[in-house]
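Colleague: Please build the complete structure, drawing on both the sequences and the hints.
Per my numbering: the first sequence = residues 696 to 1103.
What the hints contain is simulated information worked out from the structure, not anything from laboratory work.
Check each hint, because a few of them may be wrong.
Said to hold, decoys possible - Lysine-lysine pairs mimicking PhoX-like chemistry, simulated, CA-CA at most 25 Å apart:
{"#": "1", "residue 1": "K809", "residue 2": "K789"}
{"#": "2", "residue 1": "K728", "residue 2": "K848"}
{"#": "3", "residue 1": "K1080", "residue 2": "K1018"}
{"#": "4", "residue 1": "K700", "residue 2": "K748"}
{"#": "5", "residue 1": "K728", "residue 2": "K789"}
{"#": "6", "residue 1": "K936", "residue 2": "K827"}
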Amino acid sequence: MKLSKPRGTRDFLPGEIARRRYVENTMRDVVIKWGYNEVMTPTFETLELFTLKSGDDIIGELYNFTDKGGREIALRPELTAPVMRMYVNKLQSKPHPLKLFYFENCFRYERPQKGRFREFWQFGTEVIGSDKPEADAEVIALAVNILDSIGVKGALHVGDLRIIRQLLSGLDNEQQTKVMRYVDKNDDTGLDEYLEEIEVPAETRRNLFELISLQGSDALKKAREITGNIPELDNFEELLKLLDFYGLDYTIDFGIARGLDYYTGMVFEIYAEGLGAQNQVCGGGSYQLIKLFGGGEVPSTGFGIGFDRIMEVASIEPEEPKKMVVVSTDSTRFEAINIANRLREVYTTHVDIMKRNFKSQLSFANMVEADYAVIVGEREIESGKLTLKNMHTGEQCSMTVDEIINMD
RNA sequence: GCCGGGGUAGGGUAGCGGUUAUCCUGUAGCCCUGUGGAGGCUAUGACCCGAGUUCGAUUCUCGGUCCCGGCCCCA
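Modeller: Next up, the structure:
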C-alpha cells in the first residue's frame, strides 16, 4: 500500500530545493547587509497567541490540537505574533530599534490552490521600537530590495490606515474594525449597508468611499481635500518623500485595509504578475501588538514575503559547482576513494558505489552531467598521473591530483 | 466554506462492460571490467479509495480522497 502526503503539503525534489535554498540565501544576504538579525521561534505556540489579536474566528484557519498535557496548541500560521511574543519575553531590554528577520514554515488549514499551500514558507522582517516614517520607509525599501535581488518585479501599493481611522473617529473601535473589514474585501455594497445600519452621516459616508477609491499620484492632494490638513497626512507625506529618496516606484492606495490584521498605521502590499489569484507576494505595515502581549507601548513595523509565490516568479538560478566523477577499475577501487577525497577539497565528486564496470561508470558520469571524469586505472596509478576527461568536449589529458585541484 | 475540471507504471500516454491493459520515456542488469551519449535483449512497474449496478467494472452510477483552477481570505 502506498502512502500519500497530507493535502496541501509538498515534497521538494533535489533540483527544486537547490533553487529554493539559493533564493533563500540571496534574500538572507540582503537583509543581513541591512543590519537585520535572524530569529527563530517554535513551530507551535499556544493557541491563545493567535486568537488574542484575531479572535476565535481564526481557529478555522489554524492547525490546532490539544496536547497530552491538556494544553491548547496551534502550529504557527504566521510569524509576527510569535516574534512579538519573543520580544516581550526576552528582548525588551535590548537597544532599539531591534531589526529582526525570519525564514520559517507556517501552517494554515485552507483550501490549497495555485500559490497557496497548507504548509508554506514566509520570509519576513520586523523593526521594533520606531514609529517614525524613516522606519516605515526603510522597511518598504528593504522589501523591494529583497525582491529586486531575486529578480522579482512587483507593483508596490502604499497606504495609511490612520487616515481612514481619522475619518471614522466618530465610530467606536468595533465599528471601525468592521468597516475596515468591508474595505479590505472591496465589498462596497456590504459597506454601504453597514454604514446605513450604524447611521453614519451621509457626508462621512461619501468621504469614506472617495478616500478608499483614491489611487495614484494626486491621491494625497485629494485626501487633503477630504480630511483637511491632519497630522496623519503630513506624516504620510513625509513617508512618501522618503520613498522617493529611496528611488521607489509606488502607487498611493488608501484602499489597502488589511482589516483582519493588526495593522494600525502605514500599510503596503506588493503584487507580482504571473501568479493568478494569489498575486500578492508581500504585505506589511506598522502595528501595535506588544502591549497586547503584555509589553510596553512599543511600535513596530514589518512585512512578510510569501516565499512559495516568490519561487514561482524568481528569475535567478544557482551556479552549479564543478562536478567530477572518479572512474576506476576493479583493481584501483581503493585508490579511487582516496583520490575522490582529495578532489572533494574543491569539487563535487562522485566515486562508484555500485561496483559498476568501467564503461558504466563513464556512462554514469554522463548521466549526472559531470564536467569531468577522472580516470583512475592501473596505468594512472603506476605513472602517478590521472587521466582527466572533459565530458563536454571529450578531450583528455594527464594530470596529477594536485594539478587537477589547482587547475582553475 | 462555496463552485468548476481532472486522477491508467517514476514521468508522459492509448484503450475499453470481458484484453496477457498500449506505446514512449526513465531506472537496473547484460551484450561490453580502459573510454560516455547510439543500438539490441532482459528486468522493473499502473487502472486513486470505497460502495452500488452487472454473470463480469479500469470502463457505468454514487460517495470519499487527492491534484488543478476560480470565489472568499490571505502570503
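Colleague: Decide, hint by hint, whether the structure agrees.
Modeller: So, going through the hints one by one against the coordinates:
{"no.": "1", "hint": "K809 / K789", "result": "41 Å, violated"}
{"no.": "2", "hint": "K728 / K848", "result": "21 Å, holds"}
{"no.": "3", "hint": "K1080 / K1018", "result": "20 Å, holds"}
{"no.": "4", "hint": "K700 / K748", "result": "32 Å, violated"}
{"no.": "5", "hint": "K728 / K789", "result": "20 Å, holds"}
{"no.": "6", "hint": "K936 / K827", "result": "13 Å, holds"}
Violated hints, listed in ascending order, are 1 and 4; each of the other numbered hints is respected by the structure.
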